[in-house]
Amino acid sequence: MALALATERNVSAARIEDAVKIYGTGDTEVRALDGVSVEFKTGLFTAIMGPSGSGKSTLLHTLAGLDNLDGGSVYIGDTELGSLNDRHLTELRRERVGFIFQAFNLIPTLTAEENILLPLLIAGDRPDQEWFDLVVDTVGLKDRLHHRPTELSGGQQQRVAAARALVSRPEIVFADEPSGNLDSKAGSELLEFMRRAVDEFGQTIVMVTHDPVAASYADRALFLADGKVVDHMWSPTAASVLERMKTLGA
Amino acid sequence: MIRTAIKGVFAHKLRLTLTAVAIVMGVAFVAGTFVLTDTINSRFSTLFDDVYAGVDATVRPESSSMTNQSGSFEVELARTIASVEGVDRIATGVGGVAQIIAPNGDPIGGQGPPTIGSSWVDVPALTAFRVDEGNGRAPVAAGEVAIDVSTSNANDLSIGAEVKIETAAGAETFEIVGLVSFGSEDNLAGATISVFELSEAQRLFGLEGRYSQIDVLAVDGVDPETLTARLQQALPSGIEAVTGSQQTQEQFEQFTEGLGFLNTALLAFAAVAVFVGAFIIQNTFRIVVAQRTKELALLRAVGASRRQVMAMVLTEALAVGTFASALGVLVGIGFAKLLKVGMDAMGFGMPDGPLTIALRTVVVGMMVGLTVTMFSSLLPARKASRIAPVAAMRDTPAARRSLKTRALAGTGIVLAAAAALLLGLATDNGNALMLVAFGSLTGFIGISVLAPLFARPIANLLGKPLPGIAGRLARGNTARQPRRTAATASALMIGIALVAFVSIFGASIKASVGDTLDGAFPADLSIRSSNFYAGVSPAAMDQLLNVDELDTVSEFFFGEVSVEGNRAMVVAVDPATVDAVYRPDASIPMDDVGEGVLVRSDKLEVSGWAVGQLLTIEYPSAQTIPTEIVGTFENQNFAEYLITTSTYSEHFPGQSAVMVFATLADGFDVAEGQAAAENALTDFPSIDVNTQSDEIAESEAQIDQLLGLFSALLGLAVIIAVIGIANTLALSVVERTREIGLLRAVGMGRRQVRRMVRWESIITALFGALLGVAVGVVLGWATVASLAEDGLGTFALPGVQLVVWLLVAALAGVIAAIGPARKASRMRILEAIAYE
Ligand SMILES: Nc1ncnc2c1ncn2[C@@H]1O[C@H](COP(=O)(O)OP(=O)(O)O)[C@@H](O)[C@H]1O
Ligand SMILES: [Mg+2]
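Sequences listed follow chains R and G, in order. Under the working numbering, think of the first position of the first sequence as 1, with each following residue one higher. Under the working numbering, think of the first position of the second sequence as 251, with each following residue one higher.
Isolated chain G, as found in the complex:
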């Protein structure tokens, strides 16, 4: 039996290949994600271990367990540390944000990898930075800088050149005296690096007479743990000592935290790919079983048991699954390599070395592929086992199960899905996402169960406008096997539903942005740094306060704290000026907030708090302050907690504002105000002054960018679905060999045959796309509605985009039909007529 199954696999290469493709894609994504993230982790882990190998212990300001913002400490501490027994040498340093400005005046980087500024450390064992032979020298005086090799190369900034570098103090011109590497690498994963002499760095980062970190080298014979313990005893409270390896580990984890997003995103797409693949696999096996009805019935007639027939189909699935999963793992490795090359090209440099292929990658990849294949082939196998022996003699397939059962089952599943979805959208806790995901998946399955019910009418409707006999036949062919058509279309439905959902969600956000800006922000100008890691520093703020064309200039700060033990963001506003630029819709006047905190009303309600109650707020300084809830506010734009700038600056000294809003003085228009503000900020090239319409345009551009990215990635699901359509069509064409032969014999031209197959493909694709758009609209509407309270007020239907997706689906249909149509039109008529 098993040999029969294996033979069956190899006797049908086409079937094997097509089924395999869907599995290969899904597994490749899973494996590729693992390989890429493992590689990144292991490379950087090695790099970090390397560059910090010499550090035995690190002294740093103690930070709150909930946050990782760092502070600084006084210089005198260095002497205390140096005198601790077992300390050989120490390296003192400060760090901050340093924005390098390109010769053309544009800021370099800052939207992705950090723009690192640091002091130079002269103890080679205690520094990650080094200046290699031929790369100049380290900075030793004010006005000197060493930048990383990559930034130097990419921007034509060579040794001896002058470069502008912007810090919180403003932009200053430095002479490049050397080029630094991060360990053996030209840079650190795309970050820009500027290294200054220590006191220069202290001045630039506003840390005169202070250090943000001290690294310690132990004398021979003293192990890091002992040293760390001794250091800790010598340190005042608020400052801690950790071993070098712990510090390295924490730095590495902080560094790779950003990669977690990449990992999650790639795995999410892998999940979509696998899910779509499962539909295709199931459909392929079903068609194959249907086509082999006679063969299987014959086996039953000559004495094979049901169980044996089922085992045969499952064995075939196992063979295909094993082969495809293995191939998928290999393709995944190639895929990871490709992504890595792409990341390198995009400036996210990675240390050289081999790809990390963990056993886990192979095992999980194989498991995913095999599980999905076996699971998807279960129903078809069961169906195969139910073929009656007499079917060997009959020509018509066994009677279909009643549509009523299908309608009931499908409706039940869809209702369950809708319930999960609504519950998920209404819930506010961590289960929400799971419920929404579960609801969506079940919804897709439910709709695909129901889809055969509409396949015939919709195919007829879609096919109606198609002219001629080719159109008539295409319509008939699509409608003749509603289950097959529906299953094929369902695969495309998923991809299209997801992109439609993303489009709707994006359009709704866009529509809401305008409303929000109009309603909540009466300010004329908003001022922000283009550098993600920087803000509007006190020095920049001083400049703005002197601009005559501006009336009110109001700062906004954002900080991470922990409230009652939970990580949270607070927004800080200046009560004296905020009313002119922002309307948080608060229950008390801003002037009355004082030392207290305003809590967003929905948060207050969910948490069961009351006005007047004390909240425990823990700041990064590790200080814990009981703070009174003095009132509530409604506005959803920022954080759930609002405090005053004076409370804020007590706990976050010397920080830059995240943004500044301004109104115009009487008699000046927006353009004049903008020009004047920009003029005042010439020393801060990275800070942008935006009008409201700039602001709207910018957030729309950001949303578009995000949507573009999502759509491109979800396009993958569409591609897999195209393979599914091609798969079904190819099998259908083989199945209809004799029919096509007949058509050709009675005078149908090759073009007409191709057109017939192409139209069938387009009808199927459009059917899937229509289902997808419908599901996407419902999903989008439900999501937007449930987020209405979170500031997503407007549901927008991006008609043009949805039509574009339908056109994309039609195009997908055309592409999917290329192979099968060719095959159909090339059929030799006589062989087709004789085909059994």
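Excised from the complex, chain R in its bound form:
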């Protein structure tokens, strides 16, 4: 079943067209997105790279329905987000999209298990026990389920967040520098897991990073500068990405 998803590589999981996002007005105007069009195919792991302030987070947020565009359109699957009201956007985030932030991913009063199940608990849905076990196994958190976030290491916390992002079987998972706060060992464990989610479950992942090593886990790397997509690369390696970044002046 997981493999079935992986074979549909030509289906678009998310796409953004002629996206424009402007902050401020007049002198202080910043075009965070300046005519971006990208498509994210199902079952692919994409890394978004670029210098600080190039619009990576903005792109991710607008894709995920956390922020709206000033021009252009965003689709998750076939759904155009601009036409959705707050309630439908909330539902979409809950059911069709997963998230991993750089930090503060977890609710401190809930256990690891409850944090993982959060989207389902919010929806009032029963978890699929088999799937839950599989995800928890994969992230290696089986014996940590009843711990509170404060009792977990940074790497464990991020893996809980990753498990949460997967548990509702979303169409696409967005991650904004998920390994940015981790040491290299914890970081690579997390990235390893994300890679497996793509390979074994056919999960679609879009990850913002400025770390070339992190980008090397992806199938494809996109390069942003000044709110525009300036380049992309298939099967990126740390070295090739670093090379490309240099020319962007990051």
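Honestly, the hints are just simulated from the structure, not real lab data. As the structure is a prediction and not an experimental result, all values here were calculated from the model. Treat the hints loosely; a few may be bogus.
To be verified - DEER-style ranges, computed between Cβ atoms:
id, chain 1, residue 1, chain 2, residue 2, range
1, G, I953, R, G124, 45 to 51 Å
2, R, E29, G, G592, 54 to 60 Å
3, G, W1031, R, D86, 48 to 54 Å
Using N, Cα and C, we set each Cβ at its ideal position, and we do this for glycine too.
On the provided structure of chain R, position chain G with the ligands as indicated by the hints.
Using the frame of chain R, we list chain G with the ligands on its own:
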């Protein structure tokens, strides 16, 4: 540093406003009370001075120093007075109770302000009453009356109309010939006024050939003191002369004595408001300090000393306190104005004019506000000063103090409070109230110190039934900071504890009333006047004695005397009839009381007296009579001293009985007896004939009314506590911005966010309410138990009412959550995630 603090205040408007509200409320109550009572005092003082300005001296029966009941004197005295050198004119007068009956047959007033009856005085300088142009004329003949403008307006009783007026002699019909004002006012603070021609008034008040007062106008050049001294020399013993200004002052004081209650009650509520406010202020400052840990640590890291950090927090408190206290004084003035309008609307008319805002009001208001704020911010400030510089780098707050210390300290305080409380309840002297108040206050503080210990388990318990993730999160949020939750709940605890206590106390009184009536009063009917100032007069009693359906008819009198120099009440019963209607549980038969006095056994014991001993009793007539203690009695319903009606009437001539009890003659049922008695009393519309069940229902209604009033006023404490909850929640919501953003990002709807905050609020409120009910029950039980000897035999737990209070608390929680929940649900997700 100080500039940093001031900046801190204005940078956090929300914090400022919320903290300020609690102080504003308390100060407003204090200031409002002062403004209102000052205004009332100054207005009436001016009015009294005005209306009695012409009186240089007053001649009146000398009254005992301990009592203010007045007697009367013979008409001949007027001639003696008129002939004293320096007297220009005199005004003779009598007064009494005159109950005006509305056209529909109901008595007008009599439960609050007095129902004044008076003779008309024709010397304008010597009378408070005047008939203005266009208001008819003064009464000059029998059958004529002038009533006050307000009563006339309110009851459609205009000039030319007939009106029934009831006096001790019974109700008679009078023609209204004029409308009187009290000085410039339409009436005197809601009193009804009936003015009759002098000899008519003497007849009505049973004072034929007598006067109760003579006012004197001096000839030019004779000052009031000289005149008074000369008058005194001409007067027989038992009658005294005082200057007009002294008489005015005494009348004014007597008049405002009733206001003392209002003053005390309002200040008591101010105290509750301030006390509850202190909890909220302390809690707010603590949260604020916790939220600013990093900022304060950074200041320490860059070289600020502990002292400077502490000074900074205190300066911030000072700024907030000053601002809020000033605002509180202003709000208090508005509050006084509102109360005044309310009193006007309720018929307690007040002379027009500006509010009296004394410097004292502003100073005390500011002092109260500032003291409470500074005092409440001391602990948080100390805590702030202890933040280590490294906390700037750490994310977790400093370790909490051990729960053991808290448990020990809290238990100690509670035990001390309990000791004070029990001691207070067991004591019989003037310190009792202080001890009880101190015990209660300390108890509240002690419980609030202990409260964090139960916050987590109780929050978990209360939150358990709440469904879904919103319920789970609400439970977690309430339990995560037990101290904060407990402090917030404690504020509500106080209000709820007080109302719970009042409910329990009321229910226990009610339960005891029935028992008492059954046990001590075997009478079938009780007969009383609805007019607070009147009773069952001898004329009414004569009517009752002729009712065939009644067997025994027994009068009860109450009078104020002084026993061994202390003010006391005596009850007088008729030995011939009392046994059929009342069982005082006396040590000797009533027939044997004679000229002696029975003393209640507990009083006898406390005073260390013995049967057979002589007591010095001073009567209003200023007569002092050594009276033998002939025995004791147990019943707690009336006074501590019991004498016979014949002893009583020697010293209180012509008085009305306060109540009359009757039993039925053989062969008649209660309804027949009641109807017959009512029929006999048609000339006395203000006198009610009650069956035992009427009596119980009436006292229950009275208790309910009192409870309602208390509950409404204590509701204020609950309102302040609601503000406290809203305050904490708002700050918590800000603190959890990122968490809420995360929840929203992973798909939580706005409704769910609102529900989460609302449930957190309800859990906190219910926690406070449960603590409050527990404290209230303990307090109520202790009080009832300690009053068992005073006739409060039954402890009753008003279950329904207590549940209602819990529901009110839950509702309070819902209301408190409105603002914070809205704020939480409106949070912009991205900003929330980025929130630092
Ligand atoms: N809320 C905002 N208000 C104003 N400017 C913003 C806001 N968010 C982002 N920007 C600006 O938009 C640009 C892109 O930001 P961002 O998407 O966060 O870049 P990146 O994630 O690549 O570092 C930057 O210049 C940033 O300053
Ligand atoms: Mg970014």
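For each hint, the structure was consulted:
1. Against the hinted window of 45 to 51 Å, the Cβ-Cβ separation of I953 (chain G) and G124 (chain R) comes to about 49 Å, which satisfies the hint.
2. For E29 (chain R) and G592 (chain G), the Cβ-Cβ distance of about 58 Å falls inside the hinted range of 54 to 60 Å, so the restraint holds.
3. Judged by the Cβ atoms, the range 48 to 54 Å given for W1031 (chain G) and D86 (chain R) holds: they are separated by roughly 53 Å.
Of the numbered hints listed earlier, not one is contradicted by the structure.
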